[in-house]
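Line by line, the protein sequences are chains R and F.
Mapping the first sequence onto this note's numbering, position 2 (from 1) lands on 2, and the numbers just tick up by one.
Mapping the second sequence onto this note's numbering, position 276 (from 1) lands on 453, and the numbers just tick up by one.
Take these hints with a grain of salt, some might be off.
[Claimed, not checked] Result set (SDA-like, lysine to any residue): computed pairs, CA atoms no more than 25 Å apart in a straight line:
id, chain 1, residue 1, chain 2, residue 2
1, R, K155, F, L509
2, F, K347, F, P315
3, F, K469, R, Q161
4, R, K155, F, K360
5, F, K383, R, E147
6, F, K584, R, A142
7, F, K584, R, T107
8, R, K155, F, E538
9, F, K353, F, G326
10, F, K425, R, S144
11, R, K155, R, D134
12, R, K105, F, S405
13, F, K425, R, E159
14, R, K155, F, F363
15, F, K469, F, L509
16, R, K105, F, D449
17, R, K155, F, R579
18, F, K425, R, E154
19, F, K314, F, D226
20, R, K105, F, D447
21, R, K177, F, D338
22, R, K138, F, G448
23, R, K155, F, Q368
24, F, K584, R, G160
25, F, K419, F, G448
26, F, K557, F, G525
27, R, K105, F, A424
28, R, K155, F, K383
29, R, K138, F, K584
30, F, K536, R, G160
31, F, K584, R, P156
32, F, K360, R, S114
33, F, K536, F, H446
34, R, K155, F, Q378
35, F, K383, R, S144
36, R, K155, F, S470
37, R, K65, F, F252
38, R, K177, F, G406
39, R, K105, F, P315
40, F, K383, R, E154
These aren't lab readings, by the way, just hints derived from the structure by calculation.
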Amino acid sequence: MKNRINGTLAIVLLVTAGCSSKSAVTSTDSTAPKATPQVAEAPVSPAAPGLATSHAAPTGYGFDKWQTGPLGDVFFDYDSSSLSSDAQGQLKQNAGWLSSNGAKKTTIEGHCDSRGTSEYNLALGERRASSAKDYLVKLGVAASRIESVSFGEEKPFAEGQNEEAWSKNRRAHFIVK
Amino acid sequence: MPAARLALSAVIVFFSLIISAPRSLVAADSGEYIAIRKQGSGRIALVLDRAQTDGRQEAGWAESINSVVHDGLDFTGFFTLIPPPLNVRQNPAGKGQSVNFAALNSIGAEIYAGGKVAATGANITFTAEVYEALGAKPILRKSYTGTPGEIRSIAHQFCADLVELLTGKKSLFGSKIVFVSNKSGFKEIYQCDFDGAGLEQLTSSKSITLTPVLSPDGRHLAYTDFSSGRPALYIRDLSTKKTLTAAKSGVSIDPGWRNNSEVATTLSHDGDQNIYLLNTAGAVLRRLTNSKSIDLSPTFSPDGGKMAFVSSRNGMPQIFIQNMQSGEAKRLTFSGRYNTQPSWSPAGDKIAYTTWENKGEIDIFVVNADGSALKQLTAKSGENEAPSWSPDGEMIVFSSTRHGRKKLYVMNASGENQRPLLHIDGDQMQPSWSLFTK
Numbered sequence: 001m002k003n004r005i006n007g008t009l010a011i012v013l014l015v016t017a018g019c020s021s022k023s024a025v026t027s028t029d030s031t032a033p034k035a036t037p038q039v040a041e042a043p044v045s046p047a048a049p050g051l052a053t054s055h056a057a058p059t060g061y062g063f064d065k066w067q068t069g070p071l072g073d074v075f076f077d078y079d080s081s082s083l084s085s086d087a088q089g090q091l092k093q094n095a096g097w098l099s100s101n102g103a104k105k106t107t108i109e110g111h112c113d114s115r116g117t118s119e120y121n122l123a124l125g126e127r128r129a130s131s132a133k134d135y136l137v138k139l140g141v142a143a144s145r146i147e148s149v150s151f152g153e154e155k156p157f158a159e160g161q162n163e164e165a166w167s168k169n170r171r172a173h174f175i176v177k
Numbered sequence: 178m179p180a181a182r183l184a185l186s187a188v189i190v191f192f193s194l195i196i197s198a199p200r201s202l203v204a205a206d207s208g209e210y211i212a213i214r215k216q217g218s219g220r221i222a223l224v225l226d227r228a229q230t231d232g233r234q235e236a237g238w239a240e241s242i243n244s245v246v247h248d249g250l251d252f253t254g255f256f257t258l259i260p261p262p263l264n265v266r267q268n269p270a271g272k273g274q275s276v277n278f279a280a281l282n283s284i285g286a287e288i289y290a291g292g293k294v295a296a297t298g299a300n301i302t303f304t305a306e307v308y309e310a311l312g313a314k315p316i317l318r319k320s321y322t323g324t325p326g327e328i329r330s331i332a333h334q335f336c337a338d339l340v341e342l343l344t345g346k347k348s349l350f351g352s353k354i355v356f357v358s359n360k361s362g363f364k365e366i367y368q369c370d371f372d373g374a375g376l377e378q379l380t381s382s383k384s385i386t387l388t389p390v391l392s393p394d395g396r397h398l399a400y401t402d403f404s405s406g407r408p409a410l411y412i413r414d415l416s417t418k419k420t421l422t423a424a425k426s427g428v429s430i431d432p433g434w435r436n437n438s439e440v441a442t443t444l445s446h447d448g449d450q451n452i453y454l455l456n457t458a459g460a461v462l463r464r465l466t467n468s469k470s471i472d473l474s475p476t477f478s479p480d481g482g483k484m485a486f487v488s489s490r491n492g493m494p495q496i497f498i499q500n501m502q503s504g505e506a507k508r509l510t511f512s513g514r515y516n517t518q519p520s521w522s523p524a525g526d527k528i529a530y531t532t533w534e535n536k537g538e539i540d541i542f543v544v545n546a547d548g549s550a551l552k553q554l555t556a557k558s559g560e561n562e563a564p565s566w567s568p569d570g571e572m573i574v575f576s577s578t579r580h581g582r583k584k585l586y587v588m589n590a591s592g593e594n595q596r597p598l599l600h601i602d603g604d605q606m607q608p609s610w611s612l613f614t615k
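Okay, chain F solo, but in the shape it has when bound (with noise of 0.2 Å):
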């Protein structure tokens, strides 16, 4: 039994999450090692140590990817990360020497992850070795291969592939960020990692780009642009770089998508300001608002059942959710005169969205979906805007005002550990986190 290896204090939360939440326990490497976390309980304890080298080239390749994988598992807020203790190794003067589970357990390490660097050919091989630290287990040992030029990737595989064993969910390693950025003096889309790294320009449209999001698998990139002189729907293929765009007159507002064939967005051609279903070739399938209002920012649950939207059919822009099916409306928010920019978790129970507060702050909240349990996550720091959930639903990233400058910032699903995302020139807003995580 696995709790039988663990300290008296993590049994007693192991049973009492069995008790209370048998469903964060999840068994994952067929049984052979329970991950115990639970959102708000402690992290896991890790000794992250460099990589075993024969050679300098391979060492400098070990420092970098140890150097990548600490960010990486860092940056999810799921660790601790202890510094491994000089005598990790039983004979520090050897090589290949096995791990020191005593200085380990003596320092209160849970996890210990090390392994090899060789080269193999022309690329790097990084071979992972980690143990359960107080069973001296070993719970994944998985071979890693690229070029030079690819140690980012082949860390963040590892980082992957540790975190889905150690929490039993899927990591947010490998997503990307899209956004708009005025650095260039224009509006254009921007895309980066995501934890800010590799950052990319997307258009060079020397207009107005605004509202860029991905399609679920990558492959379209759906975003506003006035190249033509008004605001209209345009849909890239990322593959092909074919951009196409929604022949309708009148404006067109902030796409989401229901899926990797569907995206929806709102069009004024009849007049008014209602969402339309539309196909990746620009083309409208149906009509799903019908009001003489301003309905706008459709974000749909993970099953493409529901749409959440704002609208302001009661007069002040509240988010409403409309059954896809029945066409039936439903509001969501009834707090706060002033609510826009929805955001549907990943796990589909909650929406994240923004107030405007009679003090001119604007403030990021959560809901869940069927409107308990209002929690808010920013306060007294400007206008924190657009909301955006990481596609493990453990993280949102947002623009935030609160030290001057409209910037990028991640902060836990929880609102802890609010912290900036990247730094680079001009105004950062509209983040949209991927839902893919390649």
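So here's chain R without its partners, still in its complex pose (with noise of 0.2 Å):
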């Protein structure tokens, strides 16, 4: 099992260098490989084979329920802070309303679904918040615009155990301020 993983890992690692080819920002491309990682590193939990599949991740980037406006949230892969190309989209287009509004600042909140241990999730949702941030900082938005902090778990936007639920949280949720 840990040999999987790390073979896992690997792939993942190859595939990202291969496609991150001028930023220092890990990516990891949503279309092909994703599912990889997320089979092999979540515990497949009873419910979820038949919605991992069918709620991969939130489609429609940016806007949902929770979303104010007018930044758009990112999400993330199972226990990863890596930027998928749909997230650095995302972000891109972020640091453009930013650019243009040069007078607004923004919080970018961590999340974590809730699975794991719930320290543990308080710094991966630092590490999302800080992929987050360091992107926009490397599209020119000055660092001191942005203030990052986690939540872990503990501010669930979406009840419920299963993938669908789980996806939604995991995510960098953007207030402007």
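Fit the two chains together into the complex; they arrive one by one in their own frames, and the hints show the way.
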């Protein structure tokens, strides 16, 4: 099992190394290999398999009922703080809005699904918020305009113990100030 | 020779113990009584007799003391409590008659505990008398005095003395458990006695408070608090009620005390989540880990020389042990893909932690600090989390979803006798047992 995970991680790293041509931010290709780490890493819960394929990730990045805009949220794979290409696309939009609204600041909240232990999720949530912040800074947004914080699994967006809810809770949530 | 007074089976146990584990034999009370007890060996058969009294008020006190002592001794798991035989007094019609040891021996009692309760002014005095039943030999006679409101404390002081006398070890009586509950609608920190009684709410943040832990002397409480909008380390002086916060940007996660004046916690102001050592004023003394990954949940060996913690430096979270002097870290856990929440035992030999199993359950394991003798303590019972050792190392408190919502449970350190600790509304989690017993 350990070898399989390490092997999978190695593949993910190779894939990400291949796709992120210019930026140092790792990205995961969301189209093809995305299912691989989820299947290998996530403990398959009895209810999950059917849902996992139909709700692999929230579609239509950016706006759902928990977002008031104008900045859209970005979502993450299980136990990951890497930015998918969809997430990078949303962050580019967010950077564009921030550059044309120079007086505004934002807080990025990192969130996790409820699986695993809460102390570790608090750290993981912060890495999600930080990776979103770092990406915006690389795109030219001043770091002083972005605050990042983690709520771990403490403030879930969606209730429920299935991949549909979990995928909604693995996010960096943007608040405009 | 004490063994001569014991039954044949006990004599055999005695000698086998001398051969296999001489250190488990401890002479207490100047060698007057030698306790024979080993983890997993038989319980001590004890008759607890209600204390003798003159008068109705005293009888009520005696009844209360008897009840608290009974529940306290039962909680430890060291005893088989036998109801006193009707003729436990040699002359049942009279008062203050001596103990009927023949009757005690006939029901297999090893120890008899009784005594007297009397009013002394506004106070109660409980004079405990404990005998070894086979030899009719007094082994403890001690008076405990307090107000009628202090009956629980009086009874537990006696329990503490009795357990220490019979096992040769410090007991858990007087210890506290701090934990998180959302019963008010917010996650706040609460405290209760070792047995779940005496519930007290310690924070009213109306925010999120997490991972409380008491300093070894019980003077300070460290925890994570979101009141400022981000998770920060708070240190409260429980005597002055003053609370300080570590003034660092970023987040703070899951503190652990190294000693009475040093607490370690994860801080992220440098960009990565590393563990730092702080003083009780919240000032950083030094950085303990330096990795690009997540390092968290420090827990220390009793001498403070080693720190166990969680790190994702190899990918998934695993538990490592770091030498505090050299800074060298060695991986402790190799079984299980996601191991977190380490807790170092008060004796220093073991580390309890949790594994997130592939089935989605979380289970508690114990392993020797050198990585040997891995043992699973919970199974097939939902999410079992946040193990924390009792100060005598005999028990572990933890949270579990085995009956639905997350509640607190206790078990023997061997995993036996798992049972609920307290019954209150909401979810309870992240329990931490004090090292002090007061």
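Indices of hints not satisfied (ascending): Checked against the structure, the hints that fail are numbers 1, 3, 6, 7, 13, 21, 25, 26, 29, 33, 35, 37, 39, while the rest are satisfied.
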